[in-house]
Amino acid sequence: MNKDEIPPGTLYLLILRTLARQGELHGFEIADSIQCTSEDVLQVEEGSLYPALQRMLIKGWVTAKWGTTAGNRRARYYKLTASGRKQLALEISQFQRVIGAITRVIQTA
Amino acid sequence: MQKAPELLRRISMLFHRNRFQSDLEEEMRLHLDLREQEQREAGLSRQAAHQAAYRRFGNPTAIKEKSQTTWGWNWLEDFFEDIRYGFRSMLRSPALTAVALLSLALGIGANTAIFSFLDAVMLRSLPVRDPSQLVLLGEGDDYGVTDSYGSTTLYSYPFYRQMQQENAVFSDVAAIYSTEHRVHGTIDGRDDVEEMHVHLVSGTYFPTLGVQPVLGRALTDEDDNTEGDHPVVVISYAWWKRALAGDPAVLNRKIKLGTTIFNIVGVAPPEFFGTKVGEAPDIWVPLSMMNSVPPGFNGYKDDFYQSMHLIGRLRPGVSREQAVSNVNVLYQQIIRAFPDANLNPRNIADLNKAHVVLTPMATGLSSLRHRFSDPLKILMGVTTLVLLIACANIANLLLARSTARVREFAVRQALGAGRMRLVRQLLTEGFLLAAVGGALGVGLAAFADRLLLRMISGGADTIPLDVSINLRLLIFNLAVTVATALLFGIVPALRGTRIELTEALKDGRGPSSGTSRSPIGKVLIIAQVAISLVLTVGAILFIRSLVNLTNVDTGFSRESVLRLEVDSNVTGLKSDDPRMIAMFQQIEQRVSALPGVKAASFASFVYGQGSWNTEIRVPAMEAREDINVKHNVIGNDYFAALQIPLLAGRTFGPQDTSTSHRVAIISESMAKDLFPPGINPIGHHYYTTMDPEPNADVEVVGIVKDVKFRNLQEPQQYIDYIPNPQHPWGYGNLAVRYNGDFTTISNEVQQAIHGIDQTMPISRITTLDQEVARSITNQRLVAQLSAFFGLLAVFLSCIGIYGLMSYIVSRRTNEIGIRIAIGASRADVRWLVMREIVLLVAIGTAVGIPVTLAGSRLVANMLFGMSGVSWISLVGSVAGLLLVGLIAGFLPAQRASRVDPMVALRYE
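The listed protein sequences correspond, in order, to chains A and B.
Going by the numbering used here, the first residue of the first sequence is number 1, and it counts up by one from there.
Going by the numbering used here, the first residue of the second sequence is number 1, and it counts up by one from there.
One or more of the hints may lead you astray.
Capping the alpha-carbon separation at 30 Å, the derived lysine-lysine pairs in DSSO-like fashion look like this [what the hints assert, rightly or not]:
1) A:K59 with B:K66
2) B:K66 with A:K86
3) B:K705 with B:K630
4) B:K574 with B:K256
5) B:K522 with B:K574
6) B:K574 with A:K65
7) B:K630 with A:K86
8) A:K79 with B:K64
9) B:K64 with A:K59
10) B:K301 with B:K377
11) B:K66 with A:K79
12) B:K353 with B:K630
13) B:K630 with B:K598
14) A:K79 with A:K65
15) B:K672 with B:K705
16) B:K672 with B:K630
17) A:K65 with B:K64
18) B:K630 with B:K301
19) B:K254 with B:K241
20) B:K301 with B:K574
21) B:K301 with B:K353
22) B:K705 with B:K598
Calculated Cβ distances over 10 Å to all of chain B for the following chain A residues [stated by the list, open to error]:
23) A31
24) I34
25) E39
26) E45
Since the hints were derived computationally from the structure, they do not count as laboratory data.
Yeah, the Cβ is synthetic: ideal placement off N, Cα and C, and Gly gets one too.
Work out the full structure: start from the sequences and follow the hints.
As structure tokens, then:
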């Protein structure tokens with residue numbers, strides 16, 4: 001099973017997008033979801049989610065509240081805010097610009 | 001750029017750190033548990049699942065730290081960490097900490113205390129609206145009354161009125177009587193009189209300053225329009241609280257001054273102390289009531305009763321130059337247009353020379369400023385030097401300690417601490433030390449301020465000067481503290497962390513270690529010795545100057561003379577009333593008759609109480625415009641009371657009455673210099689005024705020895721004495737020569753006075769000796785404080801020498817061991833250390849001597865009876881420093897000589 005590191009700087013994008021798609025998730029679910037959706041290609045060092053989530057909390061992109069999991073354990077659920085959505089749109093357009101540019105460089109004969 | 005809500009979230013995190021941390025931990029634990037569970041379900045063993053979960057998660061501790069870093073508070077946490085660590089390391093060496101804190105507290109405290117005086121006397125703005133717009137006409141250094149033409153500091157009331165109405169540059173002008181009146185008055189018609197400080201001001205005073213009363217109304221121009229019919233006063237806040245117990249119905253109360261009853265119409269705000277720093281009037285009275293306030297001057301309508309300072313508030317947009325030219329044009333116009341102006345050639349010449357300057361008035365008037373600005377500046381310099389010595393000391397101690405901590409730093413660096421991190425920690429420790437020292441210093445300053453104020457006041461009544469700790473002082477203190485921390489902290493921090501890791505981690509104290517030579521430490525010691533030399537020589541200069549002053553021949557005998565003041569104004573009599581003249585004589589006789597009293601006499605001036613002086617005219621001698629003769633109106637026994645020797649002729653007696661031939665007694669110098677040579681002045685006539693007016697003609701009947709009149713520093717004065725009946729003076733200064741116990745005599749004298757007039761207020765009971773001592777208050781202050789600081793500086797330098805030498809000896813233990821092993825004697829070793837001290841002190845004094853010589857030139861005008869530094873005091877100071885330096889170094893030297901070579905060498 002060959003896994004690739006995620007490109008630097010895209011962790012926020014992945015988290016934001018995951019939350020946008022799935023609503024409220026806790027950290028473990030976010031990690032699983034990214035891995036699942038990328039069909040196991042993208043590997044995130046799972047722990048690094050947490051500093052990223054803390055930063056997103058400060059920035060106000062997400063809010064968090066405590067709830068209970070299916071297994072009846074306390075878990076912190078993260079949810080996108082309006083400013084988080086705006087940030088997501090920004091990050092996507094940025095990402096696409098970069099990818100587009102890289103693609104053009106690659107394809108230019 | 002941070003948005004506000006983001007900052008708020010960060011701050012809320014700071015205050016709920018524990019909850020945020022536990023939340024994070026729980027979240028991460030859940031993650032790991034879920035992952036582990038998943039792996040076990042996939043069939044892994046318990047241990048393998050656990051490992052897999054951690055592998056995928058990463059290092060939880062590192063992640064936790066990283067999460068916390070995102071909150072951006074780690075610098076703060078590091079800071080607190082450093083402070084905690086700093087406290088621990090301070091407590092680990094309590095002796096060093098105590099010495100450092102003590103010297104810092106003294107250094108910072110002394111600086112703060114002196115600065116608080118500098119601030120109060122010289123820097124602080126008046127508590128009025130826009131003080132920077134206020135200007136004073138003239139330089140404001142004269143106080144009193146003058147009738148001379150061309151005065152640009154004191155002005156008459158009519159002059160003020162015209163200036164106020166005709167100028168084009170001030171939004172308003174106010175007149176302020178140049179001196180305060182001390183009046184004995186009564187409140188609400190009660191019997192007991194009390195002393196009140198009364199200040200006469202124009203009605204425009206409060207409006208010009210922009211001071212609003214807290215109760216009632218301020219004085220207005222209406223109160224000052226016509227003479228004598230506006231008996232209103234504004235009282236000070238402090239006096240309202242003190243004398244009237246803060247009575248809310250104060251506006252219904254009345255004050256009686258002299259024979260006039262005044263209504264209280266307002267209370268000034270608490271921070272307003274008037275316009276003269278060092279005086280705090282209780283009562284402000286409009287100038288229109290000048291004649292009703294004892295002693296009842298008659299200057300409201302007199303064009304040449306020049307006794308007022310004028311201040312103006314510059315109109316917005318008017319420059320100082322415009323104002324100066326407008327004022328000077330008006331000055332000439334107004335004075336020359338006075339109908340009674342005596343425009344003789346001499347007065348015209350004086351007027352032509354006159355130029356009114358405008359002095360900024362933002363910091364108010366002050367005679368204190370004149371008297372104390374030089375001493376304060378010098379003391380500020382002295383305390384700064386002491387603080388520098390303290391800094392050098394602490395730098396040395398920290399340097400020594402940081403070298404002792406080399407191992408600790410090496411270990412920490414080996415474990416991955418960055419050098420900057422260590423520097424930061426050492427600086428934090430320095431700041432911590434400085435902060436504690438600074439806080440102690442504030443406490444010390446608060447105490448020292450009160451002590452200094454008492455010393456400056458030089459008597460029972462303290463000068464009303466606000467030197468309490470205020471915000472400005474605290475800022476000053478903080479700045480000083482930070483500066484000291486940087487000064488003494490930065491070198492040890494940089495030096496201490498420059499480490500050869502492998503060398504330092506090896507056990508031992510190799511001679512190769514560069515720090516053992518400690519050149520910085522030595523430079524610091526040299527600087528300390530140099531500064532100490534400057535301060536000791538300075539202290540010796542000031543002390544010798546003080547001794548010279550105390551040994552000055554005053555011309556009178558200052559011991560065993562009781563001095564007091566009576567306020568004869570309460571009798572309501574004019575001074576030329578025969579009953580008044582008789583009363584003074586009666587008091588003199590009654591007091592003289594007391595057992596233990598040898599003589600008693602009134603005088604208009606006894607010592608250091610101002611003067612009344614004019615030019616005189618001696619027939620057959622050329623008029624001398626440059627010489628002013630001081631006149632003293634006295635009772636018959638004045639020379640006996642002060643024991644001023646009579647050199648020729650007679651003293652005054654009962655034969656000298658208001659109707660008898662007018663007589664005078666002159667001083668020795670006056671007889672010698674102002675009378676025709678070769679002629680006995682006795683029997684000679686002269687005029688006590690410039691112009692030969694017949695009623696100023698007096699005959700010399702006696703010659704007395706010269707005396708000091710206003711202060712001890714003054715050159716020889718020309719003085720004449722006039723008997724009271726011939727120039728009645730409503731005086732109050734009584735001098736009593738006595739034998740025996742001061743308190744007993746003082747009580748008896750007071751009873752005798754009250755036996756003649758029950759209501760006569762008696763105040764300022766003291767001795768002549770104390771008054772003479774008081775006149776050299778600031779010289780004594782400077783001498784005492786500079787001696788104190790000089791000793792402190794030497795003491796601190798000794799600690800510095802001791803510290804450095806102990807440190808050097810401990811660093812060189814094995815070198816010394818080798819020396820002893822190969823045959824050096826104990827005495828040789830001791831000399832090895834002592835030689836170093838002698839060298840340091842020698843270099844220090846060599847640096848210090850030129851600085852001292854330059855510095856002594858700066859203070860030359862404050863020295864009395866000597867010309868600069870004498871070689872004896874210089875050599876004495878150098879010898880003294882060397883001696884205490886050797887004493888300080890003796891213990892380390894002794895320790896070095898006792899080094900056991902076996903122990904020293906085995907240690908390697």
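Hints breached by this structure: 5, 6, 7, 10, 23 and 26
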